Amino acid sequence: MQGHHYRTSRRSTEGYGGELGLDWIAGDVGNETDAVRTVSSVIERHGRLDILVNNAGYGMFKPLVDTTLDELKDMYQTNVFGTFLMAREAAKQFIKQGSGELINISSTSSLKGSSGRTAYGSSKFALRGMTECWRDELRRHDVRVMLVNPSEVMTDFAAKAGVERERSDKKLRPKEIADAIVGALKVDARGFIPEFSVFATNPF
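Residue numbering for the sequence shown follows the numbering used here, beginning at 1 and increasing consecutively.
To be clear, the hints were calculated from the coordinates, so they are not data collected in a lab.
Fair warning: there could be bad hints in the mix.
As the list claims (entries may be wrong) - Derived DSSO-like pairs (lysine-lysine); straight-line CA-CA distance at most 27 angstroms: (1) K171 with K186; (2) K112 with K171; (3) K62 with K73.
Fair warning: this is a prediction, and the values are worked out from it, not measured in the lab.
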C-alpha cells in the first residue's frame with residue numbers, strides 16, 4: 001500500500017524503521033496515554049489518518065481452573081481494551097475527515113469456543129462484538145470496519161503462549177494475511193467486506 005506506514009510497539013524501536021520502511025512509535029496500546037499519543041502524532045505529522053490495523057495481542061492457553069483473574073485482566077488489557085483505545089482515537093479522525101479503514105485482527109478462536117482458551121478465546125469474542133458495534137456506528141461516516149480471522153500463522157505467537165506447534169511450510173505466513181487485507185482494501189469504497197477468515201489450504 002502507498003503512503004506512510006506506522007507501527008506501535010512496546011519494545012525498543014531503534015534501528016527498525018529504516019530496515020522495514022516504517023516509522024515506529026514506542027508505546028503500549030493498553031495504556032490510554034500512549035494510544036492517544038500514537039494517533040495524534042500521526043495526524044500532527046500528516047494531517048490525516050487513512051487506515052488503522054489493530055494487530056496487538058497475545059495468547060495464553062490454560063484450563064479454566066488454572067486461570068487467575070490477573071491473567072484474564074492482563075489479556076483483556078491488550079487484546080480488548082488496547083484495541084478499543086486505538087479504535088476510539090482513530091474513529092475521531094475518521095469521522096472528522098469522512099473516511100477511514102478500521103481493520104481488527106481477531107482469530108478463528110472468535111468463531112468457536114474451545115478448551116483451554118477461556119482468556120484468549122473470550123477476548124477474541126469481545127473483539128468481534130466491539131467490531132460489529134463499530135461497523136454499524138461508523139459506516140454512516142463512510143468508515144469501513146473489517147474483522148479478520150486468521151487461522152494458525154507461523155509466528156512466535158504459539159511459543160510465547162507456551163504451546164508447542166510443529167512448524168511447516170504448509171501453514172500460513174503473515175504474508176497471506178497481509179495479502180488478504182490488501183485485497184479487501186482494494187474493493188471500491190462504495191462497498192466493503194465486513195469479515196473474512198484465512199485458513200491454510202492444506203496444513204496437514
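A quick look at each hint next to the structure:
{"no.": "1", "hint": "K171 with K186", "verdict": "holds (25 angstroms)"}
{"no.": "2", "hint": "K112 with K171", "verdict": "holds (20 angstroms)"}
{"no.": "3", "hint": "K62 with K73", "verdict": "holds (14 angstroms)"}
Comparing the model with each numbered hint stated earlier shows that all of them hold.
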